[in-house]
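Fit chain P to the supplied structure of chain D, relying on the hints for placement.
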Amino acid sequence: MDTESSVTTEQTLSDEAIIEIVDMHKWFGDFHVLQGINLTVHKQERIVICGPSGSGKSTLIRCINRLEEHQRGRIVVDGIELTNNIKNIEKVRTEVGMVFQHFNLFPHLSIIENLTLGPIWVRKVPKKEAEETAMYYLEKVHIAEQARKYPGQLSGGQQQRVAIARSLCMNPKVMLFDEPTSALDPEMIKEVLDVMIELAREGMTMIVVTHEMGFAKTVADRVIFMDFGEIVEENEPHTFFDNPQHERTKLFLSQIL
Amino acid sequence: MAKIANTSQKEQIRPPVVSVGVIGWIKANLFNGWFNSALTIVTLFFLWKTAVPFFRWAFIDSVWNTTGQVCRDAGGACWSIIASNFRFILFGFYPYDLQWRPLLAMIILFVLLFLSQNRKYWKKPLAYAWISGLFIMGLLLRGGLFGLDPVESTQWGGLPLTLLLSVFGLTAAYPLGVVLALGRQSKMRAIKTLCIVYIELIRGVPLISLLFMSSIIFPLLLPEGLTINKILRAQAAIIMFTAAYIAEVVRGGLQGMSRGQYEAAESIGLNYYQTMRLVILPQALKIVIPPTVSQLISAFKDTSLVVIIALYDLLKTTQSVLSNPEWMGFSREAYVFVAILYFLGCFSMSNYSRKLEKELSRGN
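Those protein sequence lines, which keep their order, are chains D and P.
For what it's worth, my numbering labels the leading residue of the first sequence as 1, then goes sequentially.
For what it's worth, my numbering labels the leading residue of the second sequence as 1, then goes sequentially.
Calculated from the structure, these hints are not laboratory results.
This one's a predicted model, so the numbers in the text were calculated from it and none came from an experiment.
Every residue gets a Cβ at the ideal spot worked out from N, C-alpha and C, and that includes glycine.
Check before you lean on any hint, since a few could be wrong.
Claimed, not checked - Straight-line distance between alpha carbons at most 30 Å, and here's what the computed BS3-like set of lysine-lysine pairs gives: (1) 149(D) <-> 286(P); (2) 87(D) <-> 192(P); (3) 286(P) <-> 127(D).
Claimed, not checked - For the chain D half of the interface with chain P, some residues (derived, Cβ under 10 Å), not all of them: (4) 104; (5) 108; (6) 117; (7) 119.
To be verified - Among the chain P residues that face chain D by a calculated CB cut under 10 Å, a handful are: (8) 261; (9) 263; (10) 264; (11) 269; (12) 270; (13) 271; (14) 286; (15) 310; (16) 348; (17) 352; (18) 360.
Looking at chain D on its own, in the form it has when it is part of the complex (with noise of 0.2 Å):
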C-alpha cells in the first residue's frame, strides 16, 4: 500500500487536485533553482516542505501565486493555468492567500484596514460586511482587541497572526506559508503555530515552507524534502522522520533534530 492512500483513510482526503505543478523549472539569471518540479496538491491536503537555505522550497511555493515567474512545466492551480495572462494571475491570487516571514502588513492602514483592503477593492465586498469577517477572523487569531491599532504597535507574533486573518479575510481555497515563524522571537512562535494547526483542523488546504519539525510532526498529511532544487523525497510524516530513504534527507534531519 502506498503512503497516500493510507493517509486517505485516516484523514478523508478529497481526491480533487487543487494544484498540479508538472515538470517545472526556474532560473535565476543563470542559477537553475528549480530542477524539474513534479507536485500534487488535493484539497484539503497539509504539505510542510523542508530543506537547507537555498534548496528552492521558498521560490517554489512562490511560483504557486506568481510572485516568481516558472520558465518551463506547467502549474494549475484551481483549474487555471499559470502564464502571463494578468487577469488569470489576479485570480489565482484571490483564491491563494500568503503568509510571509516578515509579515508584510501595511504600516500605514490599522489592523481592521489592513484585513478589509483586498475584500473591498478585489472581491467588491461592501464595508460593512467586510468589517464583519474581518473581525470573525480577527476573534479566530485571538487578537480582535488590537483591530483599531496600527502594525507597528503590535508585537510579531501578533503582526504575523494578523497576516494570517488578512488572508483568511479573502476565503481563498488554498494557503501557502513561506517560513511563518522564522522572524519570530521563540516565545512567539507558538502562538503563531497554534493558530496554524486549528486553520488545518478546520480542513485548510495549506503548504507550509518551515523548519518546525514538531508542526510537521503534528499537521503534515506529507512532508516534502528539498535540496538543490530538487524533491529529493516525500512521504508521509512518521516514515518521514522515522525512516528516511534518501542520504541527504538523514543528513539533513541530523542536523535539524
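Quick look at chain P alone, frame taken from chain D:
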C-alpha cells in the same frame, strides 16, 4: 545563590534635577564651558551691532505715510513707498476701479486653501467647492459675463498673478510628477524611456530657458492666427519644470519601499493601480513629504522668474514702483515688503508640511 529582584518594595526613583530656573537654563545652555561662553559673547556682540540698528531703522526713525520728498529727509525706513503704492504692488495694471474683483478672488482662494489643509474635509463637497471656486475666480479675473467688464489677461498682475502661477502650477505639477515617477519605474520599455527622456531633458535646462521657449519659440510653431495666452504658456512651463523635479523626489520614495509591500498587495489580488494607489503611494509619498515641500517652496519662489517674459507678477510690480522718480532709491523698503510676502507663503507651506507629517505618522 538565586537572586530575585524584589519589585514590590522598590521606590520610585526620579531623574536627578540638575538645574532650575532662568539662571540654571542660561548656565546650562549658554555658558557651559569657556568655548561656549566665548561663542555666546561674540554672538551677543554681533546681535547688538546689527539687530539694534535695524530695529531703529525699521521702527523708530521710520516714516509711514508721507510723500517721497519727506522720506528723503527722514533718517529711517520709508514705508510710505508701500503705503502709497500698495494697490499697484498688489494688483499691477488691473483697472483701479475693478480691483475688488482680484481681491475677492484671492479671498476665495485663501478660504479654499484654509479649508483644504484640514484632512477631515478631504471629501466630495470640498472638490465641488474647488471646482465652483475656480470658476468664480476665473470669472472675477476675466469678467465678460453677468455684467462684469472684461479685463484682458495682459492687465493681470501683482499678487493674484503670483498666486495663480504658483497655486495652479504646484497642484498640477504634483500629480504629473507622481505619474512620471511611476512611469520611470514601469516595466513597459516605451513608457519608461519616454519618462526618463522627459525628466532628464527638463532637468537639463534652467527654468528661464523654458520660459523663453514658451514665450518666444513656441508661438512660432503655432499655425498663423492661433495664439495661446502668455500666462497660460508660462504656467505650462512652470508645471513641466516642477513636475520633473517632483518625479525624481517621488522616485526616491518609491525605491524606499520594500518588495514585501508589493508582494503582500499582489498576493491578496490587488491589481497594479490598486497596489499603487492603496499601498505603495500612500507610504512612499509620506516618506518624501520633506523633500517634496522643499521642491514646492522653491517652485513657488521661481515663479518670480516670469518677469523675464514681461509678466507683471508681484516682484515686477514692486520693481516698477521703484522706477517711479518719486520713489527711486527706496528699494530696501520695497524688497523687505515683498520678501515678507514670499516668506509668509513659504513658511506656511513648510509649517503645513510639518503638521501633515505629524498627523500621518501616527501609528508607526
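Structure-based check of each hint:
1. At roughly 19 Å between alpha-carbon atoms, residue 149(D) and residue 286(P) fall within 30 Å of each other, so this suggested pair holds.
2. Taken as a hint, the residue 87(D) and residue 192(P) pair is honoured in the structure, with Cα atoms around 23 Å apart against an allowance of 30 Å.
3. Note on residue 286(P) and residue 127(D): the hinted pairing holds, with a Cα-Cα distance of about 25 Å set against a maximum of 30 Å.
4. For residue 104(D), the interface hint holds, the least distance from its beta-carbon to any beta-carbon of chain P being 4 Å, beneath 10 Å.
5. For the restraint placing residue 108(D) at the interface with chain P, the shortest Cβ-Cβ distance is roughly 5 Å, inside the 10 Å limit, so the hint holds.
6. At a threshold of 10 Å, the smallest CB-CB gap from residue 117(D) to chain P is about 6 Å, leaving the interface hint in force.
7. Interface restraint check for residue 119(D): the shortest CB-CB distance to chain P comes to about 9 Å, inside 10 Å, so the restraint holds.
8. Taking 10 Å as the C-beta cut-off, the interface hint given for residue 261(P) holds, the closest approach to chain D being about 6 Å.
9. For residue 263(P), the interface hint holds, the least distance from its beta-carbon to any beta-carbon of chain D being 5 Å, beneath 10 Å.
10. At about 4 Å, the closest approach between the beta carbon of residue 264(P) and any beta carbon in chain D falls short of 10 Å, and the interface hint on this residue holds.
11. Here the hint on residue 269(P) is kept, as its CB sits about 4 Å from the closest CB of chain D, short of 10 Å.
12. The beta carbon of residue 270(P) is positioned within 10 Å of a beta carbon in chain D (closest approach about 6 Å), and the interface hint is therefore held.
13. Interface restraint check for residue 271(P): the shortest CB-CB distance to chain D comes to about 6 Å, inside 10 Å, so the restraint holds.
14. For residue 286(P), the shortest C-beta to C-beta distance to chain D is roughly 7 Å, which falls under 10 Å, so the interface hint holds.
15. Interface hint status for residue 310(P): violated, as the beta-carbon distance to the closest one in chain D is roughly 46 Å, over 10 Å.
16. Taking 10 Å as the C-beta contact cut-off toward chain D, the hint placing residue 348(P) at the interface is violated, the least distance being around 26 Å.
17. Residue-level restraint check for residue 352(P) is violated (minimum Cβ-Cβ distance to chain D is 20 Å; threshold 10 Å).
18. Below 10 Å, beta-carbon pairs count as interface contacts, and residue 360(P) has one with chain D at about 8 Å; its hint therefore holds.
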